[in-house]
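Chemist: Respectively, the protein sequence lines represent chains Y and W.
Counting from 0, one number per residue, gives the positions in the first sequence under numbering that gives the first Met the number 0.
Counting from 0, one number per residue, gives the positions in the second sequence under numbering that gives the first Met the number 0.
Please keep in mind that the hints were generated in silico from the structure rather than gathered at the bench.
Even glycine gets a Cβ: it sits at the ideal position worked out from N, Cα and C.
One thing to keep in mind: the hints can contain errors.
In silico lysine to any residue, SDA-like type, Cα no more than 25 Å apart, as pairs [to be verified]: (1) Y:Lys109 x W:Arg121; (2) W:Lys156 x Y:Glu246; (3) W:Lys156 x Y:Glu143; (4) Y:Lys109 x W:Ser218; (5) W:Lys211 x Y:Gly70; (6) W:Lys211 x Y:Glu143; (7) W:Lys156 x Y:Tyr77; (8) Y:Lys167 x Y:Arg217.
Computed footprint of chain Y on chain W; a stretch qualifies when at least three of its residues, placed anywhere within it, have a C-beta under 8 Å from a C-beta of chain Y [what the hints assert, rightly or not]: (9) 15-21; (10) 212-224.
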Amino acid sequence: MGNIVVIGPRRSGKTTYLAALSYLPALRSRKGKESNFKIQPLNDESRDLAENAENIIVEGANFEPTTVNAGGVDGLPYYSFQLQVKKGLLKKPENIQINVRDYPGEVFEKIADRNLSDEIHQEFIDECLMNDVNGCLILFTQWEYGTDKFYYRVMSQFIKLMDEKNRKNNLKLAVAMSKCERGELWAGRIDPETDLFEIHLPRTKTILKDSINPKNLRFYALSTFGVLHKNDPRPNRIDQAGSNSSESVLREPNSWQPYNLIDPLYWLSK
Amino acid sequence: MGVIYIGDRIAGKTHLALELANPQGNYVKVIHPDYQHLKSLLYDHNLHSTKPTEADKSFYDQYLNINVQLPTGNKEINSYWLDTGGEIWRKYWQEENKAKWQEFLNTIRQSEGILLILPPYRQLVTNHPNPEEFITQKQWCNRFQRWVNFFKYDCPKIRHLLLCLNKADLFCNVQEESNLLGYIPNRSHFNWQQRNEYIYQRYFTPIHPHIKELNQSISGLSVRFFITSIYNRNLLELPWIYLGSFLSK
């Protein structure tokens, strides 16, 4: 059983990632594909999320941002999945339970603001760094000039908090660049540490490498929407004008093939 | 919480809500209250139209239980339908009825979805004997700027704002548009992104700068565009099907 938290700034695609994860069984069966893993939603919230993936993502709309309501952190969606992984023909399948809390981006962004103390932010930090949390999947999405500095500040502070809570040496971090279907990023997906983080987020990468035990740190590239086809690497997404910046929706539901959703979770839960 | 209809006087809010309850629905059914009951409350048979919403009440508070057929099956929206009188948007009304205005603001700030019903403007209207009855495009844009200011300053936390350009039968061939835009679970001609883009580009051009301002001012807001008409069921249902994907429990 692994408690994993998925965190990241606003619009990094956390809810969409989790929705795609819950919808993977339906997506696989639609395509008649065999795979070496199975994922099964276990609670009502993760089953609802799978339905929302069909009603919202497949229908060309996008999720609303997650927000904190009156219930505080306890009121946030809590998803539970069973992941079954079969590595090698003769090996027995491994069953892993994953519990994930979906946090709003703004509480993650507040990590950078050291002077800021509010109850929700404190609850968020406490829950993220609790002893029974195996690991964090951190989704980053921006890579344009200036964002490296911001992510660096967030990560420096996060590492300090890990240290204060005695989690620096025993909390695994899977650091992922999300939405890698973007043309500029897709080519770097094979070796994200070198071709995405080293190039676009060098300071963020350095602070992580310098502070976290190498066995607890890995870099990933993932894409919830994927590309149109293996021979047609155009992003399977459309950007439409929306609040603050553009909002992305799935372009061709019939070609929906997410990239690398499972690997980071599998590694974190081990 | 809930969904609220707002708009200027005679934009057609009450009639839209009443027709939604018409049992001849496709994918949206109002389970409660009953159409006949609503009609007896809201419709004036002598005038052959809905009664104007009484300004002194500020809004009608009516429980609505709606069933929406989505790709994954039927979903229910338990909602409050709050039908506002157009009068309440006038400054003098707000000043003379401070407590009621405050009560309304409290309600709208807690609403999950807002349907803003807009009338067509004069230059758009083609199927009416007297287009002069409608405000000009310039006035329409100015009026919309006031809506932008209202959302920006009075309810900066809204999430779903659905702009419904109503009385579509007066400015387009509703049958053609409904064939293109209509919703059929799992086999619609357009998806939500395509519908939104089509309507936004075709019918909302004069207020593109205002929409941009709205998007830049309110974080996390999703503005979506619709054309509606009481004479076309597909178009009438679309905003509710869209909301159903997000608000159904």
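Chemist: Just pull the numbers of the violated hints for me, sorted ascending.
Modeler: Hints 1, 3, 5, 9 not satisfied by this model.
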